[in-house]
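Join these two chains into a complex; the hints should help.
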Amino acid sequence: MRLLLVEDEIDIQHFLRSSLEEAGYQVEAAADGKTAERLAIDGQFDILIVDLGLPDQDGISLILKLRQLGVRAPVLILSARRSVDDRVRGLEQGGDDYLTKPFALAELLARLRNLLRRNSPPGTEATRLRVLDLELDLLRREATRSGQVLQLTPQEFVLLEYLCRNAGRVVTRSMILDKVWGMRIQPDTNVVDVHIYRLRGKVDGSGQQPLIRTLRGVGYVLKDR
Amino acid sequence: MFLKTANPTMHSAAWRISLWATLAFACGTMLVFVFLHSFVANDIQRRSDAWLSGEVEVLGDVAERTPKDALYGRVVGEVAELAGKEVPNKLLSESSPNDSVFFLQTGDDGSMKLWVGAGDGKPNLKAIQAIRIVPDHPTDLRVEGFGVPFRVASIRIDDGTYIYLGLSERDELRVLRSLRLRFFLIWLLLVLFGFGIVFYTTRRMLSHVRGITEAASKIGHSDLNARVPTTERSDEVGHLARTLNRMLDRIESSIHQLHTITDSLAHDLRSPLTAIRGKLEMSLSVVTQGEQAEPIVAAIEELDRLTEFLNQSLDVAESKADALRLTRSEVDLDELLRIMIDLYEPSMSEKGLHIQLQSKGPVHIEADAALIHRMIANVFDNELKHLPPDCTVTMQLKVEGESVSLVCEDDGPGFSNEVMPHLFERRVKGRESNGHGLGLAFIDAVARAHGGAVSASNRESGGARIEVTLPLAVNGHKASSTTMLHGVS
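Chains as they are written, first to last, in this note's numbering: chain A, 357 to 581; chain B, 3 to 491.
Quick caveat, the hints were computed from the structure, so don't treat them as lab data.
One should not assume that every hint holds.
[Stated by the list, open to error] List time: in silico DMTMM-like cross-link candidates among lysine to aspartate or glutamate, alpha-carbon distance up to 25 Å:
#1 A/Lys-535 <-> B/Glu-303
#2 B/Lys-281 <-> A/Glu-384
#3 B/Lys-400 <-> B/Glu-469
[Said to hold, decoys possible] Covered by chain A, per the in silico footprint, the following chain B stretches (three or more residues, Cβ under 8 Å):
#4 305-319
#5 356-365
#6 377-389
Beta carbons are placed, not taken as given, at the ideal position from N, Cα and C, and that holds for glycine.
The shape of chain B in the complex, shown without the other chains (with noise of 0.2 Å):
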């Protein structure tokens, strides 16, 4: 009845909905047929059987009154001929009533008497001296040769005989078949016009719903500023979307303040770290060589070191709150991982350490490319300063249905017990490290900002494996950069 392709509205709530719907009407509705077919039929077989108790009556009496002479088999044949012509339920295009009526007489010692009806008689002889006949009590009875079983009556007679009188159930099998044709006809028509109509106004109404969530959906990865379409009405579907509204608004508010906040703080360390650095570096310059310039030198470090931690640690803020913004362009994994590569390279192999990269060629994606960027070398930084001498890294871009995964595996010692259970939290590292502490928690912000997931854990033939998703790049979209401007400088 319906198409087995893989459509989108087969997955939709209004299509189950409307199956459902039409499943428990069509169910309800062939079930109330089922009783009313049962009612009809008993009354059609009671109706027959009142018949023929009473015809048979009628015949014992004929027969029994009439002289058993030569004209007994034509009288009482006339009798039976005639009581066939008035077969209840008979349809008016029958031409011949005789093969649905027969009459038997049988002796005492069951031979045939008199036959009236269709054929010689014989197989209804067999197959009423197959079956016991009560008398007063119409029985079914299947006769050779015969589709459709009789329905027969029998009496017994003062001189010992037996009347019989078979009416064949033909008749009231066509009038219920042609019932439960009709009733089908117009089950299907109702059917199919009750799906209709049920699944026309659930889509409707549904397709509000999705309007708002494709309009929520894109709130949460571009901008905040956008809220989901409302309509006049004052339904459920439109109480949410101004429910949604109203929750954006809160939403839009908290992350306003949020990045005000972050802002501010960048600020106003920014600028004492400026000045700080510009001083140190003009000392540096009267200084020149020496001891003197060794703790100033030392003094720069820190102080570039502070601030990447400051950007990273912001950075891990916004994204736990969902509030990273992202100047989104394409890029390719591919090529920035060779890029990576070819940087990092000299380093490993200064340490004893060999890299690899597994890659079927360029993977694009929409991302923040400086977010990635340091994402990748934050992974990288993780491998040189943890991996112990002669380990091998690999590299793996892996392309899933609508994601890709950047795999990083090491035959090092893998993550401690201790620190497993927190890898993603600020401030957690394990007790030989030298970084601060928020490398995954950084890895984990972006890809999150991205739609993506970061998770880690330790091979089962040692060493960690850091496995980051990432949504690809939609065909022909691209994404534009974000408009949110809070802020003070």
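The shape of chain A in the complex, shown without the other chains (with noise of 0.2 Å):
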């Protein structure tokens, strides 16, 4: 996978790079739009991060002349602005998501991953989501450990699904937030752990290995090995 990198910020840049790499990702980097239009042009890349805030020009009007250009591949948008306005008009004018800083690498990649995924031809929709011994049917909305039907109720289903979808990959609590309950909040309490400690109850209890790990400070991972 080629990734273009326009990032003016040499420290955000060094890390992301670094991340990315280890992510797997082939890295090119921009500091600036002009930069990025050459880059652009001459390499194909599968997709696109763009920082908003670039000293030369709008990262707008930047993502604006790579469509022109013919540049089809998905855009992220990176931005320290706030408001919600300038979300809508970048995803308006060619820019596929959109992450405000400061962001938590694991969301950094799991909307990389849905970008690819929603660029890709769509295959079709699994009915049934297995990981190692844990298995959802989605129709049913039911879920088996080992054979042994799990007690949960639909919004832990829903939890449950979305955690066996990003299974081996870290999600974090803004995630779940976002894509279980619907809300991009930050609450200061412990509200997010406290589901998943009750649904871990449910699929890792009785002495089974335990599937739902917690990375303190980063998220949790269904380990998928």
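In structure tokens form, the structure reads like this:
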């Protein structure tokens, strides 16, 4: 996967580049709009990350220009702007997703994966999810572990489904809040942890190998091996 | 005269002004008429009194000179009848003068000697005997059987008899009545016409003011780019519109300035925060377990709290200046509360708290979904952090008129007296609180930005009560997202 990173803050560019490379992307980085244009025309990229505040031009106008030049790859916008209006404008004008600084790396990676999946031809939607001995029947909304049916509330099922779909990858609290409850909030209480704790009690109960792991300060991961 | 329906016209200033102006005009003209009427009435009376005095004197003269023989009655009667034909103010249609004038002569013993007029004169005599009539001073006399009083003049002649001449006031009253009737009709026309003119002109004038008000209120809620409509005229209304627009120019530039400051502040702080967070996460991936990871995790959590604090501070600051930018969409508060309760219930029951919702179904508002989510999460976070175990939180959703109130009540210790007067100020928190003291200030900020309000109090039965009031969505009206985009990234 070839990725073009357009970010003028050298600090951020560095850590993003190394984390992205670690995640398996081939990263080319640009610190301003001019370089980004040149790189985008020369090389074929699968995905772009563009910061809105560039020294020589606005990130939005860069995206518009790249689109005119025939760049079709999905764009993830990074911005330190606060207001939601910019998010809407960014999405309308060719950006495909939007992430506000500061962000969790896990969230950035998840969004990149989403964009790439969206861009690839749609496969048939699975009706069953399987992670190790955990199995989810998406039609009957039923989860089993080693053949034992788990007594889950509808909300717990949605939460488990989200973890299963991202099995082996880290999901943050705000990703869970966004995808499971549809809220972009940052509660300063442990609401998500308690949900995970309860879910874990049902999924990992009775001396089985624990599947849901907590990565403190980062989020959660459902083990897939 | 006027419809008593609850018409918006009747609450307008134009209506009130025209009503008062018309009332003043009506009272004024009525006063003038009362004065005129009494003048005319007095004059008519003076003229008939003069006639009566003159006639009664002539009659007295005739009666004195006429020999008291068989012909006396006829001569005096004839003269009296003749006098009756020259009655002043008499209407032409009057057929018989007899019932408008009477002549009576009484002896010194008070018995009737001669009578000319309608009827037999007995009720007239009785009425005259009932009151004392002073000669030369015409007096009102009410006679049984006659609707209108008579004006009576008397004279005493030398042979000791009295002569009374009575003139009915009927014609006089009829003249006055027709005068009143005509005046009333003209007065009514004038008043209605005047009302119409005053109402039309004030309404026209005030419709400009209303246009300005409507435009100005829209500006307050959506965007600052709009201006109130101005007219070419240089009257007070035109001045008002131009002054308002100049004021709006200044406000827009201040708000722009504020947005620039908050945005660049946010940007300047966020970029280093992003770099720090990224580096921390990277070092966490190297040191995955054990005691070394602990301070890194704590630092990341602190950083996230700092970011949220930064966001809320800037939101509160902008809302204090009424400059919070909203992206409105339709939000169902009932659904949102159910989701929030679903989200918070496990944490609450973990702490031994109970939560219940009282709502009668969907309640739609036009609001910035992200801000409303954060506001309600704030309310729940507050309860979760400050309530001791075994308390119950009750969320109520009540629609009242054109607004909805979201009431959050608990049976905990309530707000302490020391923080009570400063609840909505920034950095105010209870001594035991570990929050950053923005909670209620942020709730207040979001409510105000949506045209609502927040009140916080202690319940009489103990416990805290927070009430957030928000305007309901106007049916068929979809507020569009704001277009104010000043900013740096």
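Hint-by-hint comparison with the structure:
1. A threshold of 25 Å between alpha carbons decides the hint, and for A/Lys-535 with B/Glu-303 the separation of about 21 Å falls inside it, so the pair holds.
2. Restraint check for B/Lys-281 and A/Glu-384: satisfied, since their Cα atoms lie roughly 20 Å apart, inside the 25 Å limit.
3. Between B/Lys-400 and B/Glu-469, the direct Cα distance comes to roughly 10 Å. Compliance with the 25 Å bound is thereby established for this hinted pair.
4. With a cut-off of 8 Å between beta carbons, the segment 305-319 of chain B has 7 residues touching chain A; three or more are needed, and the interface restraint holds.
5. With 0 residues bearing a CB less than 8 Å from a CB of chain A, the segment 356-365 of chain B misses the requirement of three and the coverage assertion fails.
6. Taking a C-beta to C-beta cut-off of 8 Å, the segment 377-389 of chain B contributes 5 residues in contact with chain A, enough for the three needed, and the coverage statement holds.
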